[in-house]
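Chains as they are written, first to last, in the working numbering: chain A, 96 to 492; chain B, 96 to 492; chain C, 96 to 492; chain D, 96 to 492.
I should point out that these hints are in silico values taken from the structure, not numbers from a laboratory. Fair warning: there could be bad hints in the mix.
One copy or two, either will do: identical chains are not told apart, so a pair holds if it fits within one copy or between any two.
No more than 30 Å apart at the CA atoms, straight line, and that leaves these computed lysine-lysine pairs for BS3-like [stated by the list, open to error]:
hint: 1; residue 1: Lys291; residue 2: Lys406
hint: 2; residue 1: Lys229; residue 2: Lys152
hint: 3; residue 1: Lys258; residue 2: Lys202
hint: 4; residue 1: Lys399; residue 2: Lys342
hint: 5; residue 1: Lys177; residue 2: Lys232
hint: 6; residue 1: Lys184; residue 2: Lys111
hint: 7; residue 1: Lys399; residue 2: Lys291
hint: 8; residue 1: Lys202; residue 2: Lys406
hint: 9; residue 1: Lys291; residue 2: Lys454
hint: 10; residue 1: Lys382; residue 2: Lys406
hint: 11; residue 1: Lys382; residue 2: Lys291
hint: 12; residue 1: Lys113; residue 2: Lys354
hint: 13; residue 1: Lys354; residue 2: Lys454
hint: 14; residue 1: Lys177; residue 2: Lys399
hint: 15; residue 1: Lys399; residue 2: Lys202
hint: 16; residue 1: Lys184; residue 2: Lys232
hint: 17; residue 1: Lys111; residue 2: Lys152
hint: 18; residue 1: Lys342; residue 2: Lys111
hint: 19; residue 1: Lys177; residue 2: Lys229
hint: 20; residue 1: Lys451; residue 2: Lys111
hint: 21; residue 1: Lys406; residue 2: Lys111
hint: 22; residue 1: Lys169; residue 2: Lys473
hint: 23; residue 1: Lys342; residue 2: Lys382
hint: 24; residue 1: Lys342; residue 2: Lys354
hint: 25; residue 1: Lys406; residue 2: Lys258
hint: 26; residue 1: Lys399; residue 2: Lys258
hint: 27; residue 1: Lys169; residue 2: Lys382
hint: 28; residue 1: Lys451; residue 2: Lys291
hint: 29; residue 1: Lys354; residue 2: Lys177
Listed below, chain by chain, are the residues.
There are 4 protein chains.
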Amino acid sequence: MQTKKCLELNDNMTKKLKLGMVGGGSGAFIGEVHRIASRIDDRFELVAGAFSSNPEKAQASGRDIGIADERNYKDYLEMVEKELIREDKIDAVAIVTPNHMHHPIAKAFMEKGFNIICDKPLAMNINQCEELIKCKKENNVLFALTHNYTGYPMIRNARALCKRGDLGEIRVIQAEYAQDWLTEDLENRINDGGNKQASWRTDPNQSGAGGCIGDIGTHAYNLIRFITDLNTEEISAELTSFVPGRKLDDNAQISLRFKGGAKGTIWSSQVAPGNENHLQIRIYGNKAGLEWCQEDPNYLYFTKFGEPKQKITRGGSGAMSDAGDVTRIPAGHPEGYLEGFANIYTDVANALIDQKNGKFNEENHHFPSVEDGLEGIKFIVRSIASSSSNSSWVNFN
Amino acid sequence: MQTKKCLELNDNMTKKLKLGMVGGGSGAFIGEVHRIASRIDDRFELVAGAFSSNPEKAQASGRDIGIADERNYKDYLEMVEKELIREDKIDAVAIVTPNHMHHPIAKAFMEKGFNIICDKPLAMNINQCEELIKCKKENNVLFALTHNYTGYPMIRNARALCKRGDLGEIRVIQAEYAQDWLTEDLENRINDGGNKQASWRTDPNQSGAGGCIGDIGTHAYNLIRFITDLNTEEISAELTSFVPGRKLDDNAQISLRFKGGAKGTIWSSQVAPGNENHLQIRIYGNKAGLEWCQEDPNYLYFTKFGEPKQKITRGGSGAMSDAGDVTRIPAGHPEGYLEGFANIYTDVANALIDQKNGKFNEENHHFPSVEDGLEGIKFIVRSIASSSSNSSWVNFN
Amino acid sequence: MQTKKCLELNDNMTKKLKLGMVGGGSGAFIGEVHRIASRIDDRFELVAGAFSSNPEKAQASGRDIGIADERNYKDYLEMVEKELIREDKIDAVAIVTPNHMHHPIAKAFMEKGFNIICDKPLAMNINQCEELIKCKKENNVLFALTHNYTGYPMIRNARALCKRGDLGEIRVIQAEYAQDWLTEDLENRINDGGNKQASWRTDPNQSGAGGCIGDIGTHAYNLIRFITDLNTEEISAELTSFVPGRKLDDNAQISLRFKGGAKGTIWSSQVAPGNENHLQIRIYGNKAGLEWCQEDPNYLYFTKFGEPKQKITRGGSGAMSDAGDVTRIPAGHPEGYLEGFANIYTDVANALIDQKNGKFNEENHHFPSVEDGLEGIKFIVRSIASSSSNSSWVNFN
Amino acid sequence: MQTKKCLELNDNMTKKLKLGMVGGGSGAFIGEVHRIASRIDDRFELVAGAFSSNPEKAQASGRDIGIADERNYKDYLEMVEKELIREDKIDAVAIVTPNHMHHPIAKAFMEKGFNIICDKPLAMNINQCEELIKCKKENNVLFALTHNYTGYPMIRNARALCKRGDLGEIRVIQAEYAQDWLTEDLENRINDGGNKQASWRTDPNQSGAGGCIGDIGTHAYNLIRFITDLNTEEISAELTSFVPGRKLDDNAQISLRFKGGAKGTIWSSQVAPGNENHLQIRIYGNKAGLEWCQEDPNYLYFTKFGEPKQKITRGGSGAMSDAGDVTRIPAGHPEGYLEGFANIYTDVANALIDQKNGKFNEENHHFPSVEDGLEGIKFIVRSIASSSSNSSWVNFN
């Protein structure tokens, strides 16, 4: 047993928030992740859902999950309509469908005043994003985009180090997100268990114009912005589809010029054997550098120029309060992906409570926003534009 | 996104199991861990508790946690009595108090037919353990001891490799569990946040005769047994209290002779600066060796003699089905301590369902048992006996 | 002690080869490295030199090194002239001056029939390289360029894996070489010990038009070619000088399009705090991937798609004969930078012996050539051209 | 290129020291290591030898190595006799035979006034050691024992940290040296390349009474003493021969009680698959802890209690001057086993020069001594005594 100072856990809510979900039926990956994340800190109860675009499958999944029949909807339109008239209506809906459905579903719910938790990328194009931003403002709802890696404690620590000026002026950013699961043409293997994931994620009609750049590259880009607060001026991209017949990119090399003069690169790949979820970010300023890797997320390596490298650990002596705020258990007992994801949900729970009490203030919360979603889509769209014009530099805004 | 084969998650229970808890009020560490672990797979609902030995504190904690007033008990005796007569009585009680209370509480509940989930070490001495074993049998209840590290997927994989014979005949085992949080006399710092944990854990009246050997050494010992199924023949120990004034050991060096000829050592320390929760186990047979470290629990290093070392990852290509059975998310997205702990709870949930259906069979479950608890106490007691007689070899049984 | 099969060391030469050196006087770094490298396998004896452009310093350095007075020359022209007429003339000259002197010195020696060992980068521009290639052919001498990292055993192993087809068709290459020593304007600190190195390396008149791209980026580029045998079709570069007042680039982001369709990036930086000599190369094909890092050079990580990652160690079970050929000591006893450098020298020694015996055949040797030097200069020149035209793609040849 | 402050290399000796060697002919491992180590800093020239106990093999090996015929001796007795009368006699003899020959050879040379460099373990028993100590004193010669790991820069740094008090009072030491090359009965495979090494090292007549404890355990023990200066009060050992038919221990578990109260363990094994030369030492005091591993020798991990772990690198910012004194090349360019070994040789060279000049003072040198050799033999002898008496504690002196 070890007890360093850590998060005073908030399970003191006498009444849990009510969560609905669209998508995430059987065979889905991210839906189950959202459900676990919503449970970890005991702030949400999943009470309603439309779990598939196929009505029978939707309801079978809902039954498996344990949703009461009356709130186990055939589709999201029925769900909007029927939840709206309930007294105990859901406090928020989690949208965990393939990308092309994010926009219509989020819009339909927002227009009726529901708060949104939406998986990334936000939508299929910039217009859709702008519509969602407008819709969110007009209906005065909360909108959280689950760029879940921002929930890791050591990412919060990295952000706090940058904000405090410990890195000095940021010069160079190297980010990468590499996987290997699409090394072969998994999308064409009808009978393979991985097929469903592979096929929608490599299908432009469901994923949008970005392949690996949209699925994982956006995470890397979002992390850069989250940690450094830098804005992008220009972007240059080289997108490639290595697997024969694949319709979307499976490897992306991106260069970034940030406002103020920093430079960055993002490498994103789903055809790099030996990489499972190698999301790494390294940031170098004129005073110090830092390095973090998602596969070992409890450690942040920090080097002041001219001093030995430090290993800052979640919950450990060198961790800052921004990390402590999202730390459940002592140093040396690893927290992982689900806990990081849960930190987004818990932050949303706090925001929903604040909203109910009329005290919501964006500055008190860290969850990625619908505006971050637009930035992510710009990242995809501008990268594709650059890649189509022989990697020329493209204005980001 | 990446989708390798992983656990078909069982959240298809239309009715959650009802959990009670004794101990784990405000300021506790392990109680909160048990609560999160019970929630992750959505199999339990915490409905009753007696959260402290201090009645006011107990009920304040229960309110914070969100327990209904009528099941928020002043003490565990009231809880036994009142739960017993409820129709919707708890399916199991989790005991997360300091060690000296495990025995009376478990006994009181078992005698009324309640199933038990109990933190380790099981009790204060061998007699108490034997009483609990007897009591468990007489009342035909389930008893799970939360040696949580057995829940890690790669520990399951290690066990499966041993069982399949991939290591050949096991020769050498090196286990260690090192921390640094008791490097100074934290137990005497009344105003320090860590004080409560440090004081009961270094107090023989609450912890029993073992200090670090009981708090963490038992975990290492339990892992050895869990992975290898070896039985101990003799044990030799050198226990030391390095911090002036400390009443219990804070460093332990143990040698083990196993039946069949294997040899092992366990080093356990709470005064080793730079170690957070460094629980490591290395096992060497005549055909292969394996290495695992709790602080990076998603990786198991396996080397067949004469071949390159392999890094087997949770959810990855080399992982066996025993690991896959307790894997929630794809390789490269780390699971940690809480997920490992949750695997114990989920296994207990399955056992409770089987029990209800009259189908419980020990062989289908992996959670550590009350008998494992006796082994753990023997480990502590025999070590102390050896250390008191100048580290002479002591028969284990 | 451990004895796996390793290099049958060739110290059976009854007569050592005679080495001369130009540059490398006191305060130099790379000259001393060359001298140690030449000694490790006992194949060379350093017998002559002109160790500095300053005649007094040259001769003082020569005396320190232990060179006989009569062969301790004031300058390289005297050295060419006087060595030429000796019966026991040098077998090769090592040129370890700042870059701008490589061309005139190499030319002067080659024109008199001397064999050359030259530090990288080869020269100041493409013309000089072509002249040296021509000169080398006309005079029928040997020319070795000390891209020393090609001498590491695990780099040889990586090359052998690629050649054997274990990676399949190569798709993606990620190389990087990051340092931090020029994070501040060290070149302006006259009294600092590091000053001499920093000042010539950031001075276009001595270094050429490339800063970090020439000093270290070329190493990364050379390794890519050495391991994969790929040829570059187009290159795009973004060079930056972050330190105010610095005349040459201290950060470079390079994209590569290889003939046949593979893509690559090189990141090279001397302003990345926390990086000492972080030279890393990762290569991904459609069958497997490999990863290597110079700071831990004895390990090569190799992952066949769908299998666990393997750690191949120098001298260990999985190492191939190409690595074994340049391995001195058993696995687990690390060899480092100097041994890797020595492997180049020993290969040159073997070539010189073959030359003497009229049996020299390029295919039996691995040391980088003057033609590789031209490729390196093209890499620098084309990068600068691209960077000057807003990172547009530039034909490599 | 990177230039941090590092060792001002001493290759300014106009006249190299003359080295002789006994043992180390073809098929030997450590003889070649000594030869390379002696060359790296250019301080020695190998001029004479008796390279095998078999006269023909001795002379064939000498010819291969390039020794002049007149100094290529049939046996060590001839070598003593003939070297003695030469004007240009050797300055020191390196003894690199199997263990049982160390004593007679060292004695024969010392009695004629020759300085000794001897491999470890020093001799076959305590009596022999004491004789050698006496002989060394009577003849006033230098005696260096090549416990080579003491030559690693970061070991020097560890020692300096202890001496400066940065660890506070030392409490716990965990050392281990594990290999796997004797997992099978290699000594019985006549035709295997590894046979020669395996057979003498597992033969009590050539190795002495210790197997792995003598071959590698002594290195771990020596490192503990070198770094901490602690003296051992009592020792307890459990030695095992796991491989059927093996005559000496291949696994050793040792406990140590140091004067002053510190405790330690040493695990030494040659049957641990996956370990090549895993020599690791961890030292914990009441203020800080440090960790070092031979397979990655350029890094020392240092943690002040309550602060983040630091990675101190050879040549890097946090390295102390004691490390810098034996550092050749900048941080990030790894030095390895041979360089560490060379540091012993170079220290001996400096001592020999001082001796010639009548200025030898033990305090200026770090090479292990004949007295350290006695300590090493005591470690072996006392361990065997303890193991023979059921691991009882045995007085060390």
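Status of each hint after checking the structure:
| no. | hint | in the structure |
| --- | --- | --- |
| 1 | Lys291 to Lys406 | between (40 Å within a copy, 28 Å between copies) |
| 2 | Lys229 to Lys152 | neither (33 Å within a copy, 49 Å between copies) |
| 3 | Lys258 to Lys202 | neither (34 Å within a copy, 55 Å between copies) |
| 4 | Lys399 to Lys342 | between (44 Å within a copy, 25 Å between copies) |
| 5 | Lys177 to Lys232 | within (23 Å within a copy, 52 Å between copies) |
| 6 | Lys184 to Lys111 | both (13 Å within a copy, 22 Å between copies) |
| 7 | Lys399 to Lys291 | between (46 Å within a copy, 24 Å between copies) |
| 8 | Lys202 to Lys406 | neither (44 Å within a copy, 45 Å between copies) |
| 9 | Lys291 to Lys454 | neither (42 Å within a copy, 35 Å between copies) |
| 10 | Lys382 to Lys406 | both (17 Å within a copy, 18 Å between copies) |
| 11 | Lys382 to Lys291 | between (47 Å within a copy, 23 Å between copies) |
| 12 | Lys113 to Lys354 | neither (41 Å within a copy, 56 Å between copies) |
| 13 | Lys354 to Lys454 | neither (34 Å within a copy, 60 Å between copies) |
| 14 | Lys177 to Lys399 | neither (57 Å within a copy, 52 Å between copies) |
| 15 | Lys399 to Lys202 | neither (47 Å within a copy, 45 Å between copies) |
| 16 | Lys184 to Lys232 | within (21 Å within a copy, 48 Å between copies) |
| 17 | Lys111 to Lys152 | both (28 Å within a copy, 23 Å between copies) |
| 18 | Lys342 to Lys111 | neither (44 Å within a copy, 44 Å between copies) |
| 19 | Lys177 to Lys229 | within (24 Å within a copy, 55 Å between copies) |
| 20 | Lys451 to Lys111 | both (13 Å within a copy, 29 Å between copies) |
| 21 | Lys406 to Lys111 | neither (37 Å within a copy, 42 Å between copies) |
| 22 | Lys169 to Lys473 | neither (33 Å within a copy, 58 Å between copies) |
| 23 | Lys342 to Lys382 | between (44 Å within a copy, 21 Å between copies) |
| 24 | Lys342 to Lys354 | between (33 Å within a copy, 22 Å between copies) |
| 25 | Lys406 to Lys258 | both (19 Å within a copy, 25 Å between copies) |
| 26 | Lys399 to Lys258 | both (15 Å within a copy, 26 Å between copies) |
| 27 | Lys169 to Lys382 | neither (56 Å within a copy, 43 Å between copies) |
| 28 | Lys451 to Lys291 | neither (39 Å within a copy, 36 Å between copies) |
| 29 | Lys354 to Lys177 | neither (47 Å within a copy, 59 Å between copies) |
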